[in-house]
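Protein chains: 2
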Amino acid sequence: MPTATGHTAAIRASKVIGTKVCDASGDHVGKIEDIILDKQSNAIMFAVVGFGGVLGVGEKYHPLPWAALDYVDDKKAYVVPYGEDQLKSAPSDKIDELTKNDGAAFRDRVYDHYKAERYWI
Amino acid sequence: MPTATGHTAAIRASKVIGTKVCDASGDHVGKIEDIILDKQSNAIMFAVVGFGGVLGVGEKYHPLPWAALDYVDDKKAYVVPYGEDQLKSAPSDKIDELTKNDGAAFRDRVYDHYKAERYWI
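For the protein sequence lines, the chains are A and B, in the order given. First residue of the first sequence? That's 7 in the numbering used here, and the numbers climb one at a time after it. First residue of the second sequence? That's 7 in the numbering used here, and the numbers climb one at a time after it.
I should point out that these hints are in silico values taken from the structure, not numbers from a laboratory. Hints should not be assumed to be uniformly reliable.
Because identical chains cannot be distinguished in the list, a pair is counted as satisfied if it fits within a single copy or across any two copies.
As the list claims (entries may be wrong) - The list that follows gives simulated cross-link-like pairs (lysine to aspartate or glutamate, DMTMM-like), each with its CA atoms no further than 25 Å apart:
#: 1; residue 1: 82; residue 2: 103
#: 2; residue 1: 82; residue 2: 39
#: 3; residue 1: 45; residue 2: 90
#: 4; residue 1: 82; residue 2: 102
#: 5; residue 1: 21; residue 2: 39
#: 6; residue 1: 45; residue 2: 123
#: 7; residue 1: 121; residue 2: 99
Nothing here was measured: the structure is a model prediction, and the numbers come from that model.
Please construct the entire structure, taking both the sequences and the accompanying hints into account.
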């Protein structure tokens with residue numbers, strides 16, 4: 007688990023929201039709709055990405071591990087290390103559903119889906 | 007340091023931003039302007055509160071430890087356990103200054119000011 011001792015990289019939530027997201031091929035797939043925060047633990051639970059019509063999932067929103075977002079200046083977008091198929095098949099739901107039961111269920115499912123390193127114990 | 011094992015409490019960043027903040031006496035002192043996130047460590051660094059004209063600090067923004075925000079339904083506001091004097095004398099600056107040097111300087115100063123428990127090591 008990473009800690010924040012010397013290595014911090016401050017960014018404003020309001021600037022993250024609305025930023026474009028590209029898949030591993032660099033193709034634009036959607037944008038950050040929101041960020042889910044954990045009031046109990048001081049942790050960022052996950053980013054919420056809307057793929058819009060591009061991947062054909064309509065109104066559904068997808069959680070993405072925060073650490074997977076890598077900002078690339080040239081693209082003015084976050085590039086994630088996942089292919090279109092992996093993104094398409096990721097857990098998704100209406101945005102209010104993602105935070106139900108305190109968000110832990112979706113958090114766990116999405117970290118499993120992407121085999122992402124867990125920030126919690 | 008709290009961990010997110012079983013105790014999560016998911017909240018959308020976009021809903022936190024704009025929420026009113028009250029001091030320990032329950033008096034309205036300002037609102038959440040933004041939340042500063044740490045891209046390196048998955049941690050919420052601090053909330054940014056604007057006191058507007060109420061405390062007479064004009065354009066300055068104040069960091070507040072995330073854990074200090076306690077939402078009170080009756081007030082539709084976050085109530086912080088600090089008095090007006092403590093809030094007035096807290097570190098403050100323009101919002102872009104708060105994130106300079108990756109935010110660590112302001113984060114450390116504000117946790118010291120409020121004697122808040124550090125979430126990092």
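These are the hints, each one checked on the structure:
1. 82 <-> 103: between (29 Å within a copy, 22 Å between copies)
2. 82 <-> 39: both (16 Å within a copy, 24 Å between copies)
3. 45 <-> 90: between (32 Å within a copy, 24 Å between copies)
4. 82 <-> 102: Result: close only across copies, 19 Å inter versus 28 Å intra.
5. 21 <-> 39: Both. Shortest intra-copy (11 Å) and inter-copy (12 Å) distances satisfy the 25 Å Cα cut-off.
6. 45 <-> 123: Result: close both inside a copy and across copies, 21 Å intra and 15 Å inter.
7. 121 <-> 99: Classified as within: same-chain Cα gap 20 Å, cross-chain 40 Å, threshold 25 Å.
Comparing the model with each earlier hint shows no violations; every hint is respected.
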